[in-house]
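Undergrad: 330 is the number that my numbering gives to position 24 of the sequence shown; each next residue is one higher, with no gaps.
FYI, nobody ran anything at the bench for these hints, they're computed from the structure.
Being a predicted model, the structure only gives us computed values, none of them experimental.
Incorrect hints may have been included.
As the list claims (entries may be wrong) - Quick list of in silico lysine to any residue cross-link-like pairs, SDA-like style, CA-CA up to 25 Å:
1. Lys462 to Ser312
2. Lys462 to Val426
3. Lys462 to Met437
4. Lys407 to Thr357
5. Lys345 to Val335
6. Lys407 to Phe476
7. Lys462 to Met338
8. Lys345 to Lys407
9. Lys462 to Thr372
10. Lys462 to Leu398
11. Lys407 to Ala364
12. Lys462 to Leu385
13. Lys462 to Arg370
14. Lys407 to Leu394
15. Lys462 to Phe433
16. Lys407 to Pro425
17. Lys345 to Leu410
18. Lys407 to Cys440
19. Lys462 to Thr315
20. Lys462 to Thr357
21. Lys345 to Leu404
What the hints assert, rightly or not - Taking CB as the label site, the calculated pair distances span:
22. Asn468 to Arg411: 57 to 63 Å
23. Asn373 to Ala332: 32 to 38 Å
24. Phe327 to Thr471: 34 to 40 Å
25. Leu320 to Leu352: 25 to 31 Å
26. Asn468 to Leu352: 49 to 55 Å
27. Asn468 to Leu382: 35 to 41 Å
28. Ala332 to Pro401: 21 to 27 Å
29. Glu314 to Tyr486: 27 to 33 Å
30. Val335 to Arg413: 20 to 26 Å
C-beta atoms are modelled at their ideal positions from N, C-alpha and C, and glycine is treated no differently.
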Amino acid sequence: MDAILSIETRDAGLYYSVFYFSAFFAGFVMLMVEGVRRKFPTIPWLLIIATSFLFFIAGTQLIRFTNEDWISVLQLRALDNPPGRSLLGGVLAIPGILLAKYLLRFRGDIIDAFAYTVPVGIFIQRFGCLMAGCCFGSESILPWSIQYDASSHAFKHQAIHNLITPTNSFSAPVHPLQFYEIMG
307 MDAILSIETR DAGLYYSVFY FSAFFAGFVM LMVEGVRRKF PTIPWLLIIA TSFLFFIAGT
367 QLIRFTNEDW ISVLQLRALD NPPGRSLLGG VLAIPGILLA KYLLRFRGDI IDAFAYTVPV
427 GIFIQRFGCL MAGCCFGSES ILPWSIQYDA SSHAFKHQAI HNLITPTNSF SAPVHPLQFY
487 EIMG
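Sequences and hints are given; from them, build the entire structure.
TA: The following block contains the structure:
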């Protein structure tokens, strides 16, 4: 069965970056609006938001480190093959928020202010993953499956595992995992 959508990932880095930035920008705007609504002091609130973003970004990268990666980092050597990101590591933002709150002696409940920003950020960012082809589902015969071009991670994965031939123009159809996450 043919896929309903074929995506060329030639500008994958651009798509991913634009949507990744847009997700953080939307989250920042939502958090600032929430801070104004709750009458939080602006500078400490900005510092807490910045800390949460830094811990989130670091967590999404650090969770993918292997033992060899950690050894390289601790020896202050560059990583040969930097790992990708994983949303799961973003939970590191919570200790970052609590640490900033403690250091700034910030009063008030703030974790719930982030409750709406995370799903909105994921919603926006997953469009970047869809266009970049970095996160892909398993093979699919469903009519809403998608295919990626030869420069995508899906194509390379399938070629390495002999699921397609390297001469193919597109990957075998895969589940649109990003759409599933967007709908969720």
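Undergrad: Take the hints in turn and mark each one as holding or not.
TA: Do the hints match the structure? See the list:
A hinted pair counts as satisfied when its Cα atoms are at most 25 Å apart, and Lys462 with Ser312 qualifies at roughly 15 Å. Proposed proximity of Lys462 and Val426 is contradicted: the alpha carbons are some 30 Å apart, above 25 Å. Simply put, Lys462 and Met437 have alpha-carbon atoms about 16 Å apart, close enough for the 25 Å limit, and the pair holds. Of the supplied pair hints, the one linking Lys407 and Thr357 holds, its CA atoms being roughly 10 Å apart against a limit of 25 Å.
For the suggested pair Lys345 and Val335, the alpha carbons sit about 15 Å apart, so the restraint of at most 25 Å is met. Simply put, Lys407 and Phe476 have alpha-carbon atoms about 49 Å apart, too far for the 25 Å limit, and the pair is violated. Of the pairs offered as hints, the one joining Lys462 and Met338 is violated, with about 41 Å between alpha carbons and a cut-off of 25 Å exceeded. Proposed proximity of Lys345 and Lys407 is supported: the alpha carbons are some 16 Å apart, at most 25 Å.
Our distance criterion of 25 Å between C-alpha atoms is met by Lys462 and Thr372, whose separation comes to about 21 Å. Of the pairs offered as hints, the one joining Lys462 and Leu398 is violated, with about 31 Å between alpha carbons and a cut-off of 25 Å exceeded. Distance check on the hinted pair: Lys407 and Ala364 sit about 18 Å apart at the alpha-carbon level, within 25 Å; holds. At roughly 22 Å between alpha-carbon atoms, Lys462 and Leu385 fall within 25 Å of each other, so this suggested pair holds.
Restraint check for Lys462 and Arg370: the C-alpha separation of about 20 Å stays at or below 25 Å, so the hint holds. Distance hint between Lys407 and Leu394 is fulfilled; the C-alpha atoms sit about 22 Å from each other, no more than 25 Å. Distance check on the hinted pair: Lys462 and Phe433 sit about 21 Å apart at the alpha-carbon level, within 25 Å; holds. For the hint pairing Lys407 with Pro425, the CA-to-CA distance comes to about 22 Å; that is within 25 Å, so the pair holds.
Between Lys345 and Leu410 the alpha-carbon distance is near 16 Å, which keeps this suggested pair within the 25 Å criterion. Between Lys407 and Cys440, the direct Cα distance comes to roughly 34 Å. Violation of the 25 Å bound is thereby established for this hinted pair. The hinted pair formed by Lys462 and Thr315 meets the criterion: a straight-line CA distance of about 12 Å does not exceed 25 Å. Simply put, Lys462 and Thr357 have alpha-carbon atoms about 36 Å apart, too far for the 25 Å limit, and the pair is violated.
Taken as a hint, the Lys345 and Leu404 pair is honoured in the structure, with Cα atoms around 19 Å apart against an allowance of 25 Å. Against the hinted window of 57 to 63 Å, the Cβ-Cβ separation of Asn468 and Arg411 comes to about 59 Å, which satisfies the hint. In this structure the supplied range 32 to 38 Å holds for Asn373 paired with Ala332, their Cβ-Cβ distance being about 36 Å. One distance hint, 34 to 40 Å for the beta-carbon pair Phe327 and Thr471, holds here, with the actual separation near 37 Å.
Checking the proposed 25 to 31 Å range against Leu320 and Leu352 shows it holds: the Cβ atoms sit about 28 Å from each other. Between Asn468 and Leu352 the beta carbon distance is about 52 Å. The supplied range of 49 to 55 Å therefore holds. A beta carbon spacing of about 39 Å between Asn468 and Leu382 agrees with the range 35 to 41 Å that was offered as a hint. In this structure the hint that Ala332 and Pro401 lie 21 to 27 Å apart at CB holds, the actual value being about 23 Å.
Take Glu314 and Tyr486: their Cβ atoms lie about 22 Å apart, and the range 27 to 33 Å is violated. Take Val335 and Arg413: their Cβ atoms lie about 24 Å apart, and the range 20 to 26 Å holds.
Violated hints, listed in ascending order, are 2, 6, 7, 10, 18, 20 and 29; each of the other numbered hints is respected by the structure.
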